[in-house]
Amino acid sequence: MPAVMSPEAPSAAATSAATPDAEASAAPAARRRAPGGSAATAELGNEAYLAALAGLAGMGPARLERLLGRWGPAEAWGVLVAGRLADAATTARVGERVARRWIRDAAVADPTEMHRRHSESGVTVARRGSPGYPKRLQGDPEPPAVLFRQGEPDILERPTVTIVGTRRCTRYGADVAFELARTAAAHGVAVISGLAIGIDAAAHAGALAADEAPPVGVVGSGLDRIYPRENAVLWKIVAQRGLLLSEAPLGTPPERWRFPARNRIMAALGDACIVVESHADGGALGTVTEAARRGRTVAAVPGPIRSPASAGSNRLIAEGCGVVCDVEDLLVLLDVERARLPLRVPPADAQPTSEGTAETILDAFDWMPATLEMLAARTGTDLGELSWHLENLIAAGLLARQGLWYERRAEQPSAAARRA
Amino acid sequence: MHAEVSSAVLHGVSGQAVRVEVHVSKGIPGFTIVGLPDASCRESRDRVRAALHSSKLPWPDNRVTVNLAPGGLRKEGAGLDLAIAVALLLAQGHLAKPAVEGSAFLGELGLDGSLRRVPGTLSMVEAVKCDRVVVATDAYAEARLSGEPEALCAPTLGQLVSCLRGEADWTTPALSPPRSPSGPMEDLREVRGQPLGRRALEIAAAGGHHLLMVGPPGAGKTMLARRLPGLLPPLDRDAARVVTRIYSAGDFGVPTSELIIAPPFRAPHHGATMAALVGGGSRALRPGEISAAHGGVLFLDELGEFSPVVLDALRQPLEEGVIRVSRAVGSVSFPAEFVLVGSMNPCPCGNAGGPGQCRCSDAARVRYARRLSGPLLDRFDMRLFVQRPTAEELFRGRPGEPTAAVRERVTEARRRAAHRGVRCNSLLGSSALEAEAPLAPEAARLAERAVASGQLSARGLQRVRSVGLTVCDLDGRPPPLRGPDVALALQLRNNPVWLDRSYAGSHVA
Chain A
1 MPAVMSPEAP SAAATSAATP DAEASAAPAA RRRAPGGSAA TAELGNEAYL AALAGLAGMG
61 PARLERLLGR WGPAEAWGVL VAGRLADAAT TARVGERVAR RWIRDAAVAD PTEMHRRHSE
121 SGVTVARRGS PGYPKRLQGD PEPPAVLFRQ GEPDILERPT VTIVGTRRCT RYGADVAFEL
181 ARTAAAHGVA VISGLAIGID AAAHAGALAA DEAPPVGVVG SGLDRIYPRE NAVLWKIVAQ
241 RGLLLSEAPL GTPPERWRFP ARNRIMAALG DACIVVESHA DGGALGTVTE AARRGRTVAA
301 VPGPIRSPAS AGSNRLIAEG CGVVCDVEDL LVLLDVERAR LPLRVPPADA QPTSEGTAET
361 ILDAFDWMPA TLEMLAARTG TDLGELSWHL ENLIAAGLLA RQGLWYERRA EQPSAAARRA
Chain B
1001 MHAEVSSAVL HGVSGQAVRV EVHVSKGIPG FTIVGLPDAS CRESRDRVRA ALHSSKLPWP
1061 DNRVTVNLAP GGLRKEGAGL DLAIAVALLL AQGHLAKPAV EGSAFLGELG LDGSLRRVPG
1121 TLSMVEAVKC DRVVVATDAY AEARLSGEPE ALCAPTLGQL VSCLRGEADW TTPALSPPRS
1181 PSGPMEDLRE VRGQPLGRRA LEIAAAGGHH LLMVGPPGAG KTMLARRLPG LLPPLDRDAA
1241 RVVTRIYSAG DFGVPTSELI IAPPFRAPHH GATMAALVGG GSRALRPGEI SAAHGGVLFL
1301 DELGEFSPVV LDALRQPLEE GVIRVSRAVG SVSFPAEFVL VGSMNPCPCG NAGGPGQCRC
1361 SDAARVRYAR RLSGPLLDRF DMRLFVQRPT AEELFRGRPG EPTAAVRERV TEARRRAAHR
1421 GVRCNSLLGS SALEAEAPLA PEAARLAERA VASGQLSARG LQRVRSVGLT VCDLDGRPPP
1481 LRGPDVALAL QLRNNPVWLD RSYAGSHVA
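Going line by line, the protein sequences match chains A and B.
All the letters of the first sequence, read from the start, carry residue numbers 1 to 420 under the working numbering.
All the letters of the second sequence, read from the start, carry residue numbers 1001 to 1509 under the working numbering.
To be clear, the hints were calculated from the coordinates, so they are not data collected in a lab.
A few of these clues could be false.
To be verified - Facing chain A, from chain B, some residues (calculated, C-beta under 7 Å): (1) Phe1385; (2) Gly1483; (3) Pro1484; (4) Asp1485.
Every value quoted in this text rests on a predicted model; they were computed, and no experiment measured them.
From the three backbone atoms N, C-alpha and C, an ideal C-beta is built for every residue, glycine too.
Excised from the complex, chain A in its bound form (with noise of 0.2 Å):
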């Protein structure tokens, strides 16, 4: 990867940098820097300033954007490190102590440092305002002052939708969310989800086994701060052939406040936003409140009444937003013409298991789990009978195990998403 960030600005000036709509470059900078051999900090690009700036300990968008409102990044910067407490708290409008906190970050930490990571992760920094900017976020009324972004900015271009939900799903959200999300993403949608396990890892998934749109990946801490460490490939392969995107620069922790402020940017790129299982009063009804105030679509997907990891998107539906039954719904919602999926392949090792008591068993299924012991009082079969049908089912793909439960299995997740 080579160190010019944003290919797509590559005149913008930096000495404009005190309008919002200047692009921070690279580029300019990088070839300003090499003739003179001097790193001397007045000739860095802007965006080595906005990522030093972002980086500050408590810098949310507001405060960002208001030092920006006045000076430009690199000017900003230079009040900080020249120690203008007074200037700096009332241009933010925080406190003396978060201002001398930033005063005190501000004089140890190294743009020129910060920058050289930036450029050799390929990750790009983009001001509000600049071309490589989100135009869904141009007008939103909480944008993010910079993003930074690793991947393909072009993806955002196709429609969208969001899919979020609860860490603690059950198989049957977990599926609803790879089918929907590759489902959307064959017929050229592009699916934002947020990273974290669950739901979200599933939506990303299906969105990969789709191999159309890539997906687009939201994260609350920098983008080299892989969390939660479960998705670690997850996420890898989400940067490779999507789109990662934060506020945060790199280095940043993933901390508590980031979480909810991710979910508005999640919120305010997807065209809708569907729900697929969240608890009463889970982080997931905190992106529809998001949505919903920036007037997305929004629509849930119904669950068990009895399944705790539903009561949240159930009561969703009952105080009135959409409803997605199918696929089907969805592509409507989205406005989607409906094209021919490719038809799906069942897996090449499964064996015709149906014959006697495995067609029993499956008989015994309703469509909600059921444990060993349910199987074995339903059907009346022997334990290590009914252990050895249920192992071989799982083999053929029919049914699906989470730690005791046993499911009917209606898609093939893990083999659409080894064939992609």
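Once you have looked at the hints, place chain B on chain A.
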């Protein structure tokens, strides 16, 4: 004036023969005990003197040296009192040498001259190399259990001296009739529902497989565990002797007047210290709970609440069936071969296991699960999730199979294992398993799938084989293992629910 009398002391749970030598010579009156006596042993002097006085027997007004041979062995406890008293009487010519020849003396003296039982009587009786052994009246029943040297008893020192002199006859206390085996046993019939739990208990009993039960509070984990010892066949004579020796030496509050043939059940509290659980102690090295569970069941309720250090100390005895306790005062081995049954909640809130029901944070769940170290978890051949029975099962479920019927199958399965040269299948080594538990083709395919999918390690596969073999034995079928045997073993080896982390990431990996 020199005299010698046989006796014994307790070392761990085994006895050690000791010669008590007394030398009475002219000189300034004094009394010395040599030969590494501990404090309670040295206090013998005062007890012996008072007892002799109370019994109107002479106390030497000379210089007395008592030597406890072998001199290099530490002697603990008051069990040598009687032997010292008899040796003193012998040295003073108050008793004739032929009267005590071929006899050993074991017992503590009271100040009034009464004789008392000392812990570990059975082991010590077995250790002395004499034809007769004299003990306190309350230790008579236990001393008789050894069969070899003939046991005699007396209630007081005075009475004993009369008997030795031939002035009185030895009395034999009336033995209480044998107790019925440990009262009304808890029966498996009372367990409603829980088909998998019942099956796991049966397999644990037959194959000696350690069992971990995870489940929400009130699901019936303790209820199941308490019924496991009833499924075990009674101890054979040798095992019963070992267990009785342990109980006699350790004073676990179980009478040892007859051989203990019911497999023991020990359920130490989770506050148990290392010494209480595995044995030891600062002075005398006493057997711990795991030795008290020898031949039976050790039930650790709320496994997650035990100190991790204490739990990890179980790893060696679980492997070897023996615990070696080494302290500054010496080192001893205690037998400790037991079926370990652990129980714990799946997470701090206790509700994990049902999809989407647990309200604990991921971090809290992981922290909870970490209390159990991987190596210890690996020792459990079966990890069972116990679910709360439904109201239907509780009120209308039919009573299950009674303990006696299951025990019959277990006894039969253990007999099959005995033909393989081990007491139970869990003790079969990997090469023996290879030979004894071949897999039918469809079972091999299933096992291969489990290994290939990362669900099972190589060691796990061995354990699954061993459990599968026990299932075969219980069904009365000869190997090879069929598909359902392996499937059930896999089912029972499932990783505990909390380790089955969110599967979402697995869509891609």
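Review point. Tell me, which hint numbers fail for this structure?
Key: Those not satisfied: there are none.
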